[in-house]
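Enquirer: Below, each chain spelled out in residue letters.
There are 2 protein chains.
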Amino acid sequence: MNAGRPLRLLLAGFGNVGQTLAEILVTRNAYPALADLELEVVAITTGSRGTVADERGIDLAAALEAIRSGGRFSEDHPGRVEVDTLQAASMLDYDVLVELTPLTIAARGEPAIGHLAAALGRGRHAITCNKGPIAWAYRKLDALARRNGCTLLHEGTVMDGAPVFNLARHCLRGNRVVRLEGILNSTTNVVLGEMERGAALSDAVAQAQRLGIAEADPANDLDGWDAAVKIAALANVLMGAQLLPDAVQRTSIRDVTPDRLEAALAHGHRLKVVCEATREADAVRGSVTLREVPAGDVMATVEGTGSALRIVTDLMGTIVLVEEEPDVRTTAYAVISDLFELAGKV
Amino acid sequence: MNAGRPLRLLLAGFGNVGQTLAEILVTRNAYPALADLELEVVAITTGSRGTVADERGIDLAAALEAIRSGGRFSEDHPGRVEVDTLQAASMLDYDVLVELTPLTIAARGEPAIGHLAAALGRGRHAITCNKGPIAWAYRKLDALARRNGCTLLHEGTVMDGAPVFNLARHCLRGNRVVRLEGILNSTTNVVLGEMERGAALSDAVAQAQRLGIAEADPANDLDGWDAAVKIAALANVLMGAQLLPDAVQRTSIRDVTPDRLEAALAHGHRLKVVCEATREADAVRGSVTLREVPAGDVMATVEGTGSALRIVTDLMGTIVLVEEEPDVRTTAYAVISDLFELAGKV
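If you read the protein sequences in the order shown, they are chains A and B.
Just add 198 to the spot in the first sequence (first one is 1) and you have this note's numbering.
Just add 198 to the spot in the second sequence (first one is 1) and you have this note's numbering.
If we strip away everything but chain A, and leave its shape as in the complex, we get:
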């Protein structure tokens, strides 16, 4: 598979997804289908918890132990170095940058865009789980990758590990995608579900925060920003659009009441936050709207942190990809699926 030598990874960020990825690699014997994929992590950078690098391969069990027990890589952790992520991406020797830093809407995908550009500009492959770069800079980054003979992959940016981008790359060839429609934001889906059972908005948001789904500041979810970034990323890759999240029409769920949800249920509908991208003349229009979905529609069955994407094409017709009850391994798997794509390319 790897033509003789392991893929050497630089992990930029070591939060939930990075730690879960490390855990899967440490316990990889439990996953027989991973046997062919040879990997080695040669550097882990973090914002404020220290950075470690070792070209012979980092001891991942020790790295996990350090972060989980001490909260950081201590000064005497083996391989501890004083470089930030941009410096590491620009100077260290690795095959694949794995971008795992969190999205900041206000910064429009930076600094992750810069990290990816640093890797791709050196001809190193890059994988991002941060959706900002795909929403705000996909064309630019993809062109940079092509010029430098390397590849930018991003399966984990939308619908966790469900293979939406790989499906589009490999399985829809010959089609023109004419419309996308999805339920893509977990927080609003969980909140609306709680409110259907009678909770007030504030209590439902608090519940989503307790479950670790909503962030401390839930504004980006409630006001449709997270969903707008996702539908922009999908439109850019699947429809060849140049759609910025800023241009996506958004609706907030802040004014929804339990009464409204109950009224919808009474005539067999569920209120859902639906993302849409539609081809219009030569542009693609994006929207995030609050909509009554009939109970018989696949979209109405999306519960909790599940998600769904309807893909309408000119030739194959319409398919819907549904992800059910993802856990944190699901997003870590997205990175693994992208690594399978790259194996053999180095």
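If you're looking for bench data, these hints aren't it; they were derived computationally from the structure.
For clarity, every value in this text was computed on a predicted model and none was experimentally measured.
C-beta: ideal position from N, C-alpha, C; glycine also.
Among these hints, one or two may not hold up.
To be verified - The following label-pair restraints were derived from C-beta to C-beta distances: (1) Asp291(B) x Gln447(A): 47 to 57 Å; (2) Gln447(B) x Arg278(A): 54 to 64 Å; (3) Asp234(B) x Ala481(A): 45 to 55 Å; (4) Ala464(B) x Lys543(A): 55 to 65 Å.
Stated by the list, open to error - Below are the SDA-like pairs computed for lysine to any residue, each with C-alpha atoms no more than 20 Å apart in a straight line: (5) Lys543(A) x Arg320(A); (6) Lys543(A) x Pro309(A); (7) Lys543(B) x Gly277(B); (8) Lys543(A) x Lys543(B); (9) Lys338(A) x Thr349(A); (10) Lys338(B) x Arg367(B); (11) Lys543(B) x Ala233(B); (12) Lys543(B) x Arg367(B); (13) Lys543(A) x Arg367(B); (14) Lys543(B) x Gly542(A); (15) Lys338(A) x Ile303(A); (16) Lys338(B) x Glu273(B); (17) Lys338(A) x Arg377(A); (18) Lys543(A) x Lys338(B); (19) Lys543(B) x Arg320(A); (20) Lys543(A) x Glu539(B); (21) Lys543(B) x His368(A); (22) Lys543(B) x Asn346(B); (23) Lys338(A) x Leu284(A); (24) Lys543(B) x Glu539(A).
Stated by the list, open to error - In silico contact screen, one side only, chain B against chain A (beta carbon under 10 Å); selected entries: (25) Leu232; (26) Ala305; (27) Glu308; (28) Pro309; (29) Gly312; (30) Glu353; (31) Val362; (32) Leu370; (33) Arg371; (34) Ala506; (35) Val510; (36) Asp512; (37) Arg527; (38) Ala530; (39) Tyr531; (40) Ile534.
Fit chain B to the known structure of chain A by using the hints.
Expert: What follows is chain B alone, placed relative to chain A:
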């Protein structure tokens, strides 16, 4: 894409799917994403409607006209030859055999298995829309293809053109599939839907026949054979099983009454024919059962000729692929998607 020359196809069978494929190729300018795929049909064989062959490429518009107006290729149709499909597959010069003959359960996938073996044995690629060979002879045919440096593809055998096999090939790498569950037979799904609206079984079957969904003899659908062949094909490819349709536990819907459907609906369930394949110790067990599915399950939303497949994996979690309202172009697209896989391999 095709490294300079078109893929040359032998169409074995020229029924609905073959004619629709020809129609798409004749009107290909309407599908911009097909621009890269260069094809040429060099032979069309039929059971009783004559065979035509021309190594410079058959005039597809004329072939369609001949079959649609005259019902057959007449003695003086350009390129008319007197060879059967097995002879054509064994002797003519072509790049890809496209097997479009109908399945005969009683013959356990023959004569299609023989056609495919003839092509693969000569190192020619093969695509089948006939699911019999994948259910009864997948290991043998796939091994034959590998030995001869060619490829056997079969996207159209289950769920029409929805990319279930291509998804498994490209997008699930690193996973072990532990369970499959699907609604895969149109006739029983349409019949149960009609019966939910009060129709008797016989009237519902007659309605499905009028719509061109059920065959004149609906036994293979009603008694679960079609579904058993499909779940065997899926298990063999996605789970590495050696499951024969004969070993799949089947249930007939002949004893279902409108009352039973109504009772299920009354407590929020729909009665559905569900195919399942489950990994047990070192074998895979298959079943086709009549089951009450809760209304909130994706499977309950599958209407008419739609279909759905739930794929449960060890690492990525669970996804469901849903196909909505397919038309005959959908299965023809399955052949096109397989041709994209082969383009560049000749």
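Enquirer: A separate judgement is required for each hint: does it hold in the structure or not?
Expert: Hint check results:
1. Asp291(B) x Gln447(A): 47 to 57 Å: holds (56 Å)
2. Gln447(B) x Arg278(A): 54 to 64 Å: holds (59 Å)
3. Asp234(B) x Ala481(A): 45 to 55 Å: violated (24 Å)
4. Ala464(B) x Lys543(A): 55 to 65 Å: holds (57 Å)
5. Lys543(A) x Arg320(A): holds (15 Å)
6. Lys543(A) x Pro309(A): violated (27 Å)
7. Lys543(B) x Gly277(B): The hint is violated at about 28 Å.
8. Lys543(A) x Lys543(B): The hint holds at about 18 Å.
9. Lys338(A) x Thr349(A): With Cα atoms ~13 Å apart, Lys338(A) and Thr349(A) stay inside 20 Å; holds.
10. Lys338(B) x Arg367(B): Holds, because 18 Å separates the two Cα atoms, which is no more than 20 Å.
11. Lys543(B) x Ala233(B): Given that 20 Å is the threshold and the Cα spacing comes to 18 Å, the pair holds.
12. Lys543(B) x Arg367(B): Judged against 20 Å, a Cα distance of about 17 Å means the pair holds.
13. Lys543(A) x Arg367(B): With a Cα-Cα distance of about 18 Å, the restraint between Lys543(A) and Arg367(B) holds, given a limit of 20 Å.
14. Lys543(B) x Gly542(A): holds (18 Å)
15. Lys338(A) x Ile303(A): holds (19 Å)
16. Lys338(B) x Glu273(B): violated (38 Å)
17. Lys338(A) x Arg377(A): violated (24 Å)
18. Lys543(A) x Lys338(B): violated (31 Å)
19. Lys543(B) x Arg320(A): Roughly 31 Å between the alpha carbons, so the hint for Lys543(B) and Arg320(A) is violated.
20. Lys543(A) x Glu539(B): holds (19 Å)
21. Lys543(B) x His368(A): Holds, at about 15 Å.
22. Lys543(B) x Asn346(B): holds (13 Å)
23. Lys338(A) x Leu284(A): OK: Lys338(A) and Leu284(A) at ~18 Å, within 20 Å.
24. Lys543(B) x Glu539(A): Roughly 19 Å between the alpha carbons, so the hint for Lys543(B) and Glu539(A) holds.
25. Leu232: This hint holds: Leu232(B) lies near chain A, its Cβ roughly 5 Å from the closest one there, short of 10 Å.
26. Ala305: violated (30 Å)
27. Glu308: Hint on Glu308(B): violated, closest Cβ of chain A at ~30 Å, above 10 Å.
28. Pro309: This interface hint is violated because 29 Å lies over the 10 Å limit.
29. Gly312: Check failed: Cβ of Gly312(B) comes no nearer than 30 Å to chain A, outside 10 Å.
30. Glu353: holds (9 Å)
31. Val362: holds (9 Å)
32. Leu370: holds (7 Å)
33. Arg371: holds (4 Å)
34. Ala506: Given a least distance of 8 Å, the restraint on Ala506(B) holds.
35. Val510: Val510(B) check passes; min Cβ-Cβ to chain A is 9 Å, inside 10 Å.
36. Asp512: holds (6 Å)
37. Arg527: The hint holds - Arg527(B) has a Cβ within 10 Å of chain A, the shortest such distance being about 6 Å.
38. Ala530: holds (8 Å)
39. Tyr531: Because about 4 Å separates Tyr531(B) from the closest Cβ in chain A, which is inside the 10 Å limit, the hint holds.
40. Ile534: Constraint on Ile534(B) satisfied, holds at 5 Å.
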